[in-house]
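As they're listed, the protein sequences go chains A and B. Numbering-wise, my numbering puts 328 at position 328 of the first sequence, and it's gapless, one number per residue. Numbering-wise, my numbering puts 236 at position 236 of the second sequence, and it's gapless, one number per residue.
The hints are simulated quantities; they were obtained by calculation from the structure and are not laboratory data. Check each hint, because a few of them may be wrong.
Stated by the list, open to error - Covered by chain B, per the in silico footprint, the following chain A stretches (three or more residues, Cβ under 8 Å):
| no. | segment |
| --- | --- |
| 1 | 83 to 91 |
| 2 | 186 to 192 |
| 3 | 200 to 207 |
| 4 | 234 to 242 |
What the hints assert, rightly or not - Label pairs and their computed distance ranges (CB to CB):
| no. | chain 1 | residue 1 | chain 2 | residue 2 | range |
| --- | --- | --- | --- | --- | --- |
| 5 | A | Asp87 | B | Arg340 | 22 to 32 Å |
| 6 | A | Thr363 | B | Asp56 | 23 to 33 Å |
| 7 | B | Ser5 | A | Ala71 | 25 to 35 Å |
| 8 | B | Ala36 | A | Ala31 | 44 to 54 Å |
| 9 | A | Ala65 | B | Ile275 | 15 to 25 Å |
| 10 | B | Ile239 | A | Ala24 | 44 to 54 Å |
| 11 | B | Glu167 | A | Gly308 | 36 to 46 Å |
Note that the Cβ used here is the ideal one computed from N, Cα and C, for glycine as well.
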Amino acid sequence: MRIGVCVHSTEIRAVTVRDDGAIASHVVPLADEAGIGGFAQALEQLLDLERHDEAVTSVTFDVGAVLRRKAAGRTTFVRIAPRAPVDIVHEHPAEAVDGEDVDIVHIAGGHSNSGEELVPLDAEALVRWCSQAPRGSRYVITAVGSPINESHEVRAGQILLDHAHPGSVEYSHSFHSSSVAVRERTAAVNSSLIDSAEEIVGALHPVLGRAVPGARLYVTTNEGGCHPLARLAVMPVHSLFAEASSALVGAAALAACREGFVAVRRGEGTFMGQFVRTCPAVFPQFRTSSGAALATQVANLVEISPEGHGLPAAAVIVEETELGDDEAEPDRPVLRTALSLCALGAVVTPLADWAHRVVPGTTEGEVNASIIALESRVRARLVSFGAHDRRIDLLESGVEASSYDNSSTVTVRVRGVSLDPIALDRESVVDLVPARPPGRTSSREGRRSDHVPRL
Amino acid sequence: MYLDSEDVRNLSAGALFNACAAEPEWTEDGMRRVLAHMDMTGLRPELKQVTDLDPDALVVCVGFVNNGLSLSELRPVGDEFIAAIELIAEAHGREVAGLIPLAAGSANAVVPFLAGMQCGIPVIDADPMGRIFPLVSQTVFALNSLPIGPIAAVSALGESALLRVDEPARGERLLRALAEEFGGWAATASYPMTADALGSAGILGSLSNLIAIGRVLESSRGTDHKHSELRRSCGVRQIVRARVSEDSWVARPWAPSRVGIPASVVLEEEAGGQIIQLEVQSEILMMLSDGAVRAVSPDIITLLRPADCSVASLDDLWTGNVLDICVLRAASAWYTPAGRKLGRRPSLAMMEETR
């Protein structure tokens, strides 16, 4: 049996799928202001409800709705570049949690595109700064050229750990982008989520260890995949926007769609994604509502207008209804379900891993060697996540389009997934609702979606 | 005229539209720096016509030349263009009286507005390309045999060089090598000339044209109205709505010396289902429909988002996205035999041979 759990602020919604394909759904309300402890209690109740004669093989969580950015009191951005900006106009804004005190420290350093030092790291200046650094600050370190040579970031981190008594240190080279601002912003958001993520992981493990000791534990990711729950405490930003992607994956599973367009319609509106080889098409950056980019792979979700503009004729529409929803006649045939699509998506979503790197390469042999090395790395990580080697599919593997610049380096992108096929008794949980006759209007028309994730 | 903040935003939108490229953030960052400088100093960028200057007044092109780390990675600290303009003034023994951008598109279109405020120099409503080209030598000034130098080049590290060179193609090679040594880019001041020479050889009115395009795009009207306006008053000749298909980004086999071959992006036209193919290399070089060429450089091929007619970039060419592909005619100089020869892309020629 596999379990998918979608955690909301007021309830947890779960879907179980037994080995014979039988699907069951549970909703457990959370006590007001119960916090993460309440969530663990509710999970225990849920697992009690599902006292089973079948071993639970995996539990996959979607926790984006309860991940919280927490202020650390003070966040310090260590910016390593050849020179500091001459004025505030040339300083890019720091991404901090509301109410936090922010320091920006400029340290000389950085690497070129070929990985050579542009200027040496001014370690002495950083050590001097540490002598007056406040204790317990959260640090985000970003160095020019760190996607190809992270040594200045790592060295700076060591200095902070030795001399500054940091609360935490986050390295921006952990995130792929050719923009220091995007990497730093992503690292800052990730860093601010870690306390919340650790709290969630810490609350879940004891409960799950008691109730389903043999189960593998996963958390959904923004691109419509999942990875081990333990990684949530390290890379929470990759799970922050996963809810809609998981719902899309759940909708595709109900529609038995492996290729093509799938739309998810909820009370508030509709969004759509495209499936290629059983997985959603992805976009390499998440755009916040202010247009700022975060370096995380996300399912490419397209918001459909209330009038249905942009919805291809071939798209399958899956409608998620809740108790009390007005089940209006749809304008097009839809598959209607009362299941939590997000929780079902969590059950069926594939294990996923990425390698997205700038690598030096001036010959075909060098580039091919880099691709092979990154493919091996993705495969090895998926196996370590619990995937069977023969079920691993490399959906993407190659060099990104080259530009006029950067002829000495290329960007390699490898996306690997492992699908563990599962039969679903779909008929018991979904209804095919025909389109309403022409001329009749629906009470739902005119509503706009707010289900495409926002930050 | 002095630009207000709305003009600056329109300029940025027009610059993005005129040069569909990757990393549009850098153009928007440039706009934000202009606006921040306006806020901080109370100054406004001045845009003049070339005829407002004394015919002998010294005018230079300012812009970034890349080779290596992008501007988003190795960010300018803010004094690079001041130093470059001072170097040029020193080399000529007189003050610079006007600035023009190295290209009327992307980040470089915004550069002279900040540098002009920093140095107290007006921007002249002209440029040497009327669009963007990848090489500094692909200018109407080169077509008119005007010298590219002396060129001042300044790095993010604070290093500088004055290149005494006349031939634009040679200047391009030297600058590109210098940009790599500088870590990724050089802030340059090039093509120093009199206002009279600029009036004869330059593409005039190109910056006010970008502002006009931006005004249409940034208006509160609907997409259909904006499309009509772009066709009526901004020179847009075709608009094709298409969805990026699952076969997008077909990268050609990578091989030594062939790094520059474009990638193909495949889309499906929404109305008729035709297969639209875009050949992309730092910009969109060619659009084909069911195998037939519908637009090719020097035509300007650019992207808009259908929902709000905002400018899209190469970063939007991902599976599932619906985009409006717009085609504009470039400045007439690029359609002459000499212009076609100078503006020709080796990668396109290689691809045509392959086809």
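Here's how the hints hold up against the structure:
1. Coverage of the segment 83 to 91 of chain A by chain B holds. Counting CB-CB distances below 8 Å, 8 residues qualify, and the rule asks for three or more.
2. Residues of the segment 186 to 192 of chain A with a Cβ under 8 Å from some Cβ of chain B number 0, which does not satisfy the need for three, so the listed coverage is violated.
3. Counting residues of the segment 200 to 207 of chain A whose beta carbon lies closer than 8 Å to any beta carbon of chain B gives 0, which falls short of the minimum of three for the stated coverage.
4. Counting residues of the segment 234 to 242 of chain A whose beta carbon lies closer than 8 Å to any beta carbon of chain B gives 0, which falls below the threshold of three, so the coverage claim is violated.
5. Checking the proposed 22 to 32 Å range against Asp87(A) and Arg340(B) shows it is violated: the Cβ atoms sit about 44 Å from each other.
6. Restraint check, Thr363(A) to Asp56(B): a C-beta distance of roughly 52 Å breaks the suggested window 23 to 33 Å.
7. For Ser5(B) and Ala71(A), the Cβ-Cβ distance of about 32 Å falls inside the hinted range of 25 to 35 Å, so the restraint holds.
8. Range check, Ala36(B) to Ala31(A): about 47 Å between beta-carbon atoms, so the 44 to 54 Å window is met.
9. A hinted range of 15 to 25 Å for the beta carbons of Ala65(A) and Ile275(B) is inconsistent with their spacing of about 41 Å.
10. For Ile239(B) paired with Ala24(A), a C-beta distance near 51 Å keeps the hint of 44 to 54 Å intact.
11. Taking the beta carbon of each, Glu167(B) and Gly308(A) are about 58 Å apart, not inside 36 to 46 Å as hinted.
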